[in-house]
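Engineer: Spelled out from the first residue to the last, the chains are:
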Amino acid sequence: MSSLAAGDPHGTTETTGKAVHPVWVRVCHWTNAAAMVVMVMSGWQIYNASPLFNFVFPPGVTLGGWLGGGLLWHFAAMWLLTVNGIVYVILGLATGRFRRKLSPLNASGVVTDARAALTGRLRHDDLSKYNQVQKLMYAGILIVGALVVLSGLSIWKPVQFQYLTALFGGYDTARYVHFFAMSAIVLFTILHTVMALLVPKSLRAMLIGR
Amino acid sequence: MKSPFRKAIVGVDKRLLVKDALHLLPQVSRRRFLAGGASLGALTLLTGCDVADGETAEKLLAHVSKFNDAVQAAIFNPNALAPTYPASAITRPFPFNAYYALADAPQIEAADWKLEIAGLVENKKPWTLDELTRLPQETQITRHICVEGWSAIGSWTGVRLGDFLKRIGADTRAKYVWFRCAEGYTTSIDMQTALHPQTQMTFGFDGQTLPVAYGFPMKVRIPTRLGFKNPKYVVSLDVTNDYKGGYWEDQGYNDYSGL
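Same order as they appear, the protein sequences are chains A and B.
Position 112 of the first sequence, counting from 1, maps to 112 under the working numbering, and the rest follow consecutively.
Position 159 of the second sequence, counting from 1, maps to 369 under the working numbering, and the rest follow consecutively.
These are computed hints drawn from the structure, not numbers from a lab.
Every residue, glycine too, gets a C-beta built ideally from N, C-alpha and C.
Be aware that one or more of the hints could be misleading.
Stated by the list, open to error - Straight-line Cα separation of at most 30 Å, DSBU-like style, residue types lysine-lysine; simulated pairs:
1. A:K157 with B:K385
2. B:K376 with A:K157
3. B:K334 with A:K157
4. B:K334 with B:K454
5. B:K269 with B:K454
6. B:K276 with A:K157
7. B:K269 with A:K157
8. B:K269 with B:K376
9. B:K324 with B:K335
10. B:K376 with B:K324
11. A:K101 with A:K18
12. B:K334 with B:K324
13. B:K454 with B:K385
14. B:K454 with B:K276
15. B:K335 with B:K376
As the list claims (entries may be wrong) - Now the in silico label distances, taken between C-beta atoms and shown as ranges:
16. A:F55 with B:C356: 15 to 25 Å
17. B:P407 with A:F55: 34 to 44 Å
18. A:F188 with B:N287: 34 to 44 Å
Given the sequences, and given the hints that come with them, work out the whole structure.
Structural biologist: Laid out in structure tokens, this is it:
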């Protein structure tokens, strides 16, 4: 298995000069990670009060102790997630990082790089350049992030944001959208963590910048 | 050693300086500063459930919830109308929901029941069900949304609470209307919500007299607020400037709870 995370498995490339991830990216990344952990665990607590499917989340992985506690955590961490998200998106656009890192992105490139990754032939000569699979994953998770926030707003304020709620197909459907967006984030996080552990240099770059 | 701090002020002990500075702070800010530090500490230990559910975290979360009340009241439109639905969208059967079983729900004789009026109101005469249902009524088909997440669409018939408050000479500049129910349940709503055109004293459900399951003889239907802010089996209404809390509000549900 090769890597989806930026890295140099052979340790042959010198990563000198500019930081791979500027400090604002690292601060936003770990702030978001902490906020997401709280949002997901408290969200599972809230889910358990009225499950959409034939299962509930074990109490050990939920936060808040009961529905009221879960709601308090969810709507406290919401602020951290929102403020951090706004800072991240503004800086990502203003510095040109999103454009630089995530484009160009094309289907044939993704297929080629995915095939190379799965057969262990994907090169990571430059830690600061994402391959096509990475670009797809990181652009995709930004879209899912927007989706989880918008569907969350539409079930939190279905009167104030009734047009948004209607856009998601109504209140009950928006709950499913919120759930599946959460699921996508959890799956992404698992994959992303596995990759970062397989290519520890990428984890180091997100911690100390290079 | 060439630490710039080392020789910042010759002859001053840093520890004593900090101690002196702390003494200069007023008692209250000092305590708040220390408590704030402890709360942040609790926040960083999210995975330790004992800490996350502990007293410090709880206090911090209660503060955030109060802050959220204020922010929501400030930014959201209190007069926004809840969407209405066609009769075909009504959920049948409409769920019964309470912290007790339906068999334990209050069984009220219409003849014995009166709506008591208290607080900042000119005419505190209690109202019988007959008197109330003779007032002009209207029907709304709106979505009831529970704090638990589920929702159901129902058809409610009754009297606008805002009209009733004006009729009895309530001081509509008061901050809250507080409801008490037959089984001891309580809840509080802000005056703007009480005066909202869709806030209703409900006596009928889906074309019939309000069934016991949904709050006979009177429920207060507020489609712009979560279900727990829609009290059933209401026995008294209190117009007040004091925040009196409620059954769930006191346990930690966000007081605003506006949809």
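Engineer: Output the indices of the hints that this structure fails to meet, ascending.
Structural biologist: Hints 3, 8 are the ones this structure does not satisfy, whereas the remaining hints hold.
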